[in-house]
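A.B. asks: Residue-level listing of the chains:
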Amino acid sequence: MPLIKNGQQVADPWLALGDEETLPEDVPVIVSLERWQQEKDVLQTRGMELGLRLRSDQSPQQVAEDLQFFSLIALEFPKFTDGRAYSYARLLRERHGFSGELRAVGNVLRDQLLFMQRCGFDAFELPENAPVEAWLRALEDFSVWYQPVTDNRAPVSSLRRRLRVAAQ
Amino acid sequence: MYRYDEFDEALVRERVAQFSDQVQRRLNGELNEDEFKPLRLMNGLYLQLHAYMFRIAIPYGTLSSVQLRKLAHVARTYDKGYGHITTRQNMQFNWPRLEDAPAILSDLADAQLHAIQTSGNCIRNTTADQYAGVAADEIADPRHYCEIIRQWSTLHPEFSFLPRKFKIAVTGAEEDRAALRTHDIGLRMRRDADGNPGFEVMVGGGLGRTPVVGVTIREFLPEEHLLSYLESTLRVYNQLGRRDNIHKARIKILVQSVGRDAFARMVEEEWAQLRDGYLTLPQEELDTIARYFAPPPYETLEDSPPELELWQSTSPGFAAWMNENVAAHKQAGYAIVNISLKPEGGVPGDITAEQMDVVADLAERYSFSEIRATHEQNLVLPYVRKLDLMAVWQGLQQAGLATANIGLISDMICCPGLDYCNLANTRSIPVAQEISERFADLSKQRDIGPLKIKMSGCINACGHHHVGHIGILGVDKKGQEYYQITLGGSAENETTLGNIVGPAFSAAEIGDAMETIVDTYLTIREEGESFLETYRRVGQQPFKETLYAAH
Chain A
1 MPLIKNGQQV
11 ADPWLALGDE
21 ETLPEDVPVI
31 VSLERWQQEK
41 DVLQTRGMEL
51 GLRLRSDQSP
61 QQVAEDLQFF
71 SLIALEFPKF
81 TDGRAYSYAR
91 LLRERHGFSG
101 ELRAVGNVLR
111 DQLLFMQRCG
121 FDAFELPENA
131 PVEAWLRALE
141 DFSVWYQPVT
151 DNRAPVSSLR
161 RRLRVAAQ
Chain B
1 MYRYDEFDEA
11 LVRERVAQFS
21 DQVQRRLNGE
31 LNEDEFKPLR
41 LMNGLYLQLH
51 AYMFRIAIPY
61 GTLSSVQLRK
71 LAHVARTYDK
81 GYGHITTRQN
91 MQFNWPRLED
101 APAILSDLAD
111 AQLHAIQTSG
121 NCIRNTTADQ
131 YAGVAADEIA
141 DPRHYCEIIR
151 QWSTLHPEFS
161 FLPRKFKIAV
171 TGAEEDRAAL
181 RTHDIGLRMR
191 RDADGNPGFE
201 VMVGGGLGRT
211 PVVGVTIREF
221 LPEEHLLSYL
231 ESTLRVYNQL
241 GRRDNIHKAR
251 IKILVQSVGR
261 DAFARMVEEE
271 WAQLRDGYLT
281 LPQEELDTIA
291 RYFAPPPYET
301 LEDSPPELEL
311 WQSTSPGFAA
321 WMNENVAAHK
331 QAGYAIVNIS
341 LKPEGGVPGD
351 ITAEQMDVVA
361 DLAERYSFSE
371 IRATHEQNLV
381 LPYVRKLDLM
391 AVWQGLQQAG
401 LATANIGLIS
411 DMICCPGLDY
421 CNLANTRSIP
431 VAQEISERFA
441 DLSKQRDIGP
451 LKIKMSGCIN
461 ACGHHHVGHI
471 GILGVDKKGQ
481 EYYQITLGGS
491 AENETTLGNI
501 VGPAFSAAEI
511 GDAMETIVDT
521 YLTIREEGES
531 FLETYRRVGQ
541 QPFKETLYAA
551 H
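Residue numbers (this note's numbering), protein chains in the order written: chain A, 1 to 168; chain B, 1 to 551.
Stretch-level coverage of chain A by chain B, calculated; a stretch enters the list once three of its residues show a Cβ under 8 Å from a Cβ in chain B: (1) 74-82; (2) 135-143; (3) 157-165.
Computed footprint of chain A on chain B; a stretch qualifies when at least three of its residues, placed anywhere within it, have a C-beta under 8 Å from a C-beta of chain A: (4) 1-11; (5) 149-156; (6) 272-283.
Derived from the structure by calculation, the hints contain no laboratory data. The beta-carbon is built from N, C-alpha and C at its ideal position, and this holds for glycine as well.
Let's have the full structure, built from the sequences with the hints guiding it.
C.D. replies: See below:
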């Protein structure tokens, strides 16, 4: 699956590990919450970076104390209409200070990429055969925003303030 | 009223470009209908029974003459020459072609209009008291807060895929003309002991198949915290609202299941984190937006010009219109003019392109170029000099817009029903037309007094039947159209859900049933008692007896 990270297509070094699959020796893996809870000791002491995958009914609140163990958190969109992960992403970034990779996985659509990015996602798993160039262009659909959110784009209110100050 | 600056303008233009690209991808087959559906639904484009339907946002119901003329242009150029005012103060066009959608949006953008978030599971167009800023009973003008909510909610990245749609209504007045407690969030302006403005926050109201009256979760929210509190509420809902069953996904179900106090606690806990953060509204920003809503340059006028009395005594038609359609204004010598879109035998809320032009012209000449749309599917001229009322009345009359029935039995709310809608079980428009014709006699309507009939063609309740003094719900019984009657509902200050009176009536019987209800009321009412007051005094029994006596 094509992966976009920080605005460009990159190779994916991570292995999404199924709950029944054997832990490989030398690859960083992304595990489910259940597997993390059962195999914490092994996974922590493996000497490899660790990723966590959360379903949309698993709030990151459940792992708030464990965040230091993860270099990557994958938030799942089971259907594009399930928007819980937008809130989870913001909470991870803004409240819990998570600074690792925040990856959108599942039913990720081109026309939602920008919303995801604004909420703090920096990586996106695209469907097989997605035209990556067109998807990247969708990140440029808008140049102005009303809300201050997780990204660093200045909202309209602060642009207006700058104009007022400049006019004085 | 609000005018776009360069940033608002850029955003709407970019949205037009984005949507045009999405339509193009649909037309060239890159997207199939399933993939296109969520995209068009984020922009007010529905696929109905016979055609697409395009819903254009009228933010908090406020329009300029230029904007109304642009809507007339769209009706004339791309549709069948008319539009329809909805219960959320928007305008719908029933016959646009998909290919024309980009051109329609581009034309609308020329007049600072758009269709952003008029559908989809997102924060919809914020609605407001249609008398905002001019009502004699106003505590504070709510319009700049509505505009602040509009901007904050537009393309909000966190809240564009909520469990279900989300509707916010605002009023600054004592009398609730915005049906606050039937909204996901209702905001009523208050002032604290020091006179500072803020809001009572109500949450979890809604109609549909599970009607619920909203509950207050905060008695007073200082104005600067408006957005952080809304964001907290939406964040709780976005995470915890049900997503397994579309019929249980509205915030009302969440509030009901956890209980008001627990829900309020969750919001307050989230708010404890967000308050005093970057969503706090600086006074300077509030003031900047509020300046757009400064009062127009009113003249100093005497409140009761002698001409008015003369016109009323010499023209009974004018006097009747003055009585029913003209409301008290906060400024001496001015009046609020309601324009009824419920002519005898007409389709409630429909307005032709020519009529839109007439209203736009009258507003330009007599109402500082401003028009309001109401959730009861009428229009309002908010700033008319009393000295101009005769000229306005004559202008409206020539265009068939002077029916003197505001608040009377023929001023019905009615959904489009099976004539247009692919959710409907029954037609509603022909029933509304029949009722309108049966009660056409205006002197009889005046005798009956204030009576709100609200009708929906299916349980989704777009016609607000649960809160009609008389509610009519269309139901399908083995392929036949039947109409179930509820009595005693109200969306006003003491919001009440109506009670089903008994078995439904057929399409052939419903007109007689309405007459029976009204006749029963006229027989048992006490001096000066409205229909709703009588119902609240006597309950269902007398109506049940007369309605089902012959059955």
